[in-house]
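A.B. asks: Sequence:
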Amino acid sequence: NHNGVLNIKSKTVTVNKADSEVKHTVGKDKKCEFTNIYDASGSWDPYGYKALVGKDMSSSDEFTFSISQVESAGSDKVVKNRVETTHNNGNFVQFPNNIDFLQYTLDDAGKTYYYMIKEDSTGDDAVSKDETKYWISVSITDNGNGTLDVKPVSINKDGTELTLDEDEQNVQFFVNKKTNEILTGLT
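562 is the number that our numbering gives to position 33 of the sequence shown; each next residue is one higher, with no gaps.
Hint data in this document are derived by calculation from the structure and do not stem from the laboratory.
By construction, the Cβ of each residue, glycine as well, lies at the ideal position given by its N, Cα and C atoms.
Hints may be right or wrong, so weigh each one.
To be verified - Quick list of in silico lysine-lysine cross-link-like pairs, BS3-like style, CA-CA up to 25 angstroms:
no., residue 1, residue 2
1, K640, K609
2, K686, K662
3, K647, K658
4, K640, K584
5, K647, K609
6, K686, K647
7, K606, K647
8, K647, K584
9, K680, K658
10, K680, K640
11, K606, K658
12, K609, K680
13, K680, K584
14, K640, K662
15, K662, K584
16, K609, K662
17, K658, K584
18, K640, K686
19, K662, K606
20, K606, K680
Unchecked claim - The following label-pair restraints were derived from C-beta to C-beta distances:
no., residue 1, residue 2, range
21, T593, F630, 16 to 22 angstroms
22, S589, K686, 24 to 30 angstroms
23, V704, D629, 27 to 33 angstroms
24, S595, E690, 44 to 50 angstroms
25, D649, I566, 39 to 45 angstroms
26, V704, Q632, 14 to 20 angstroms
27, N674, G603, 32 to 38 angstroms
28, I566, V704, 47 to 53 angstroms
29, S588, N565, 49 to 55 angstroms
30, V682, E591, 17 to 23 angstroms
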């Protein structure tokens, strides 16, 4: 994985051809340059869990979440945004792994990005929306082997810093409540 230069020195080659001898010089002190290009990539796949109080979730239940790249930790100023509607999958919520701003290249190594995750709607007027917002700071490090280590370094829930162990770095948790009456006047 290093750039290099191969020096080729002149050499006279004698070739016997049909009873005649031809001398030919090759190389003439030329250089062949070799350039290796190192690249690395990585991605972040945030996920969370959803709970519904007062009603069993069915596979047809839909919830809409947004993940936004924001200007700084705790900021609501959106740089990039993606809204996803998810169906109940055993209370598991995961964003698709094709979100462009969650894909990183070598140019991102050494940087920290900031994201906000929140619920946008429940898909059911009788189910309240969880108003929780999570801000996640994600650090990118080059592993030196073509991969990037992309991991959350801090998670903030509604202004409170969370301390999570290694296995919980991506986890957010949203809770909705079923009401007995249809909620009106929501915007």
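A.B. asks: Hint by hint, say whether it matches the structure.
C.D. replies: Against the structure, the hints:
no., hint, result
1, K640 <-> K609, "holds (17 angstroms)"
2, K686 <-> K662, "holds (6 angstroms)"
3, K647 <-> K658, "holds (10 angstroms)"
4, K640 <-> K584, "violated (43 angstroms)"
5, K647 <-> K609, "holds (14 angstroms)"
6, K686 <-> K647, "holds (10 angstroms)"
7, K606 <-> K647, "holds (14 angstroms)"
8, K647 <-> K584, "holds (21 angstroms)"
9, K680 <-> K658, "violated (28 angstroms)"
10, K680 <-> K640, "holds (11 angstroms)"
11, K606 <-> K658, "holds (21 angstroms)"
12, K609 <-> K680, "holds (19 angstroms)"
13, K680 <-> K584, "violated (34 angstroms)"
14, K640 <-> K662, "holds (23 angstroms)"
15, K662 <-> K584, "holds (23 angstroms)"
16, K609 <-> K662, "holds (16 angstroms)"
17, K658 <-> K584, "holds (14 angstroms)"
18, K640 <-> K686, "holds (22 angstroms)"
19, K662 <-> K606, "holds (13 angstroms)"
20, K606 <-> K680, "holds (22 angstroms)"
21, T593 <-> F630: 16 to 22 angstroms, "holds (18 angstroms)"
22, S589 <-> K686: 24 to 30 angstroms, "holds (29 angstroms)"
23, V704 <-> D629: 27 to 33 angstroms, "holds (30 angstroms)"
24, S595 <-> E690: 44 to 50 angstroms, "violated (22 angstroms)"
25, D649 <-> I566: 39 to 45 angstroms, "holds (41 angstroms)"
26, V704 <-> Q632: 14 to 20 angstroms, "violated (30 angstroms)"
27, N674 <-> G603: 32 to 38 angstroms, "holds (34 angstroms)"
28, I566 <-> V704: 47 to 53 angstroms, "holds (48 angstroms)"
29, S588 <-> N565: 49 to 55 angstroms, "holds (50 angstroms)"
30, V682 <-> E591: 17 to 23 angstroms, "violated (32 angstroms)"
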